[in-house]
Amino acid sequence: MTPQELAQMIWSIKEIIRDDYNDKNVDEVILPFTLLRRLDCVMESYADKVKKTIEQLPEQMKEMKETDEDKYNSFLARILKTKNISFYNISGFSLAHMLTNPKSLGDNFKTYLEGFSENVKEILYNFTGGKEKGLGPIYETLLRKNLLFNVTQEFVTKADLHPEKVDNHTMGTVFEIIIRMSKESTNETAGQYYTPREIVNLLVSLVFTGQEELMKTPGQHFSIYDPCCGTGGMLTVAKEYMQSHSGRNDVKVFQYGQEINEQTYAICKSDILMKGDEADNIKLGNTISDDKFPGKTFSYMITNPPFGVDWKKDKGYVENEAQNPRGRFSAGLPDSSDGSLLFLMHMISKMDEGGSRIGIILNGSPLFNGDAGSGWSNIRKMLLDKDLLDTIVSLPKNLFYGTDISTYMWILDNKKPKDREGKVLLINGAQSQYASLLSRSLGKKRYEVNATGMKELQRFYREYKDAYHDFGDGEFIQVAKLMDKEDFLYTKITVDRPLRLKYENLENKLQDFLENTKMSATEKDKAKQILQLVKKESPKTPLNDEEFFNYLAKNKVKPTAGLIKKLRSSIGEVDETFAEVLESPFDQTSPFIPDTDLRDTESIPYKQDIETYFKEEVLKFAPDAWMDRSKDKIGCEFPFTKLFYVYKPLRTTQEIWEEIMTLEKDLDKSLMDIMEGEV
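Per my numbering, residue 18 is the first one in the sequence shown, and the count goes up by one each step.
Honestly, the hints are just simulated from the structure, not real lab data.
Derived lysine-lysine pairs resembling PhoX-like cross-links, with alpha carbons at most 25 Å apart:
hint: 1; residue 1: 329; residue 2: 309
hint: 2; residue 1: 31; residue 2: 41
hint: 3; residue 1: 88; residue 2: 68
With the sequences and hints as input, model every part of the structure.
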């Protein structure tokens, strides 16, 4: 029986409970029972050894079970581990054995679950919602609905999961298929915890491209880490890829993961346990606020963090760590509405100095959100400053279960080959020819990356150069663009133009100024002098700023700098036809005051000379403009769409008209055929 057939048979057991469980809840039965059945079959071969070991325990240890059960369990686990037994059950029951006494099935099932070793119970608790809820939810609903016997019997009679029939690798594959069936049957939360397999395969293949020789090196051991491991699919595929491409039987691949959702964590840990791998390195918790692997580094890291999930609940913790120059988030912080880049920075903090590679799937926001100087931009700039970013691959739309937004794969490497240093390859994989339509939609997933797409995207990345593709219409479209890292940087400059004021209708405005403006007593006295002067000897208006204040000075009325500012804002009127306003109207060498309403910014490509750009692109249209270079900011963005944009001219009205006329003729002919009975 193939893994697919075995998984399908196990999944079909859900028919027994279909009327009593919603489709989205059947996995609450199928998944833990699959785990229990596999454990049962594995433990069968050493159940007697466990029983004998317990019988041979010293009396004081047996007594400890009554006084300190936790200490007893820990002691027993250590003893059995020396006998290569990593999980066990001390209840004396098995699923098959409990079927012989249907009347006591409920009580015996409780004893059976409580008899598991702590590492198994820790997994089972997460199927029930936590240790505080106990293990009852696994079987109590089935017992209450008189389904427990039937479900247990189906698993015992249909699912022969003994190791001699189903090895660890096959069991892992079977469990993965069941997980996938579970997620695809509902579509409801698949996008959050489960990444479609063809996308995982593509990401993993890109991460390991160029690593072939290293994987084949005798004695090399590797670690793989997923900070949002979900059901563990990426870890599984990555390990299988390394084992199949290393050409070595002795290759050691250690899996590490962290997952925030309890049930998903339990599924992941169960999957790894059933493969015979070390499951202790899969941790439950919030990766951002509770890193379970502090200070640890990894060879390879892959993940698909949740799209657009906010981090407001972790805001205090994250902002506090961002203040630490050596903290994970010191490069900058994205908006609290999207925490995906926090996961990327977290992974970067775990790159090994000897060489690490990262593969992460992100939405479009991290490419360009945020202006120069923002957290978004500074994070992107950090990637280039450290020369970590190797490639970005855009993907076709509608590949994920829960979203139809544009998605991108980012590959990072802190030990780039010499010919890739300072370079970034962009691959436009969002071509319709790289995706195939599914026979039926799975939530919002309508397409999958096809064989052509997989092959071509891998080839473009391996060749690492500009690439063009003819999609059959005779027109070559650029699908890969190799760029210098400086091509993504720009300098944002501030462009100012002078404030220009005119002064007229002075008496009325000064009267209003005195009545409605807050000022000191000294300033008020000076303002009254100005009003009296205007009443006595009104100047010919309108005046520009210099003329107005010279008029006051000639009449021995010289306002303070503070009063000058208030007069300008109250009685001066902006008029671009008048002369510029100097900071000090009594000093011809003082700088112009900028008009903040005319203030603008320019984003200048990093490689371009700023003075030349300013002369050609700004002064030509605003001769009085100047740059405030003290406000310069270096920004960074990856404008994917703009870089691959291909202009297609609109059709002429004549072409459109001719098409309409042709359609009309075809319609007329069809109507005539119908009327004549020829159709």
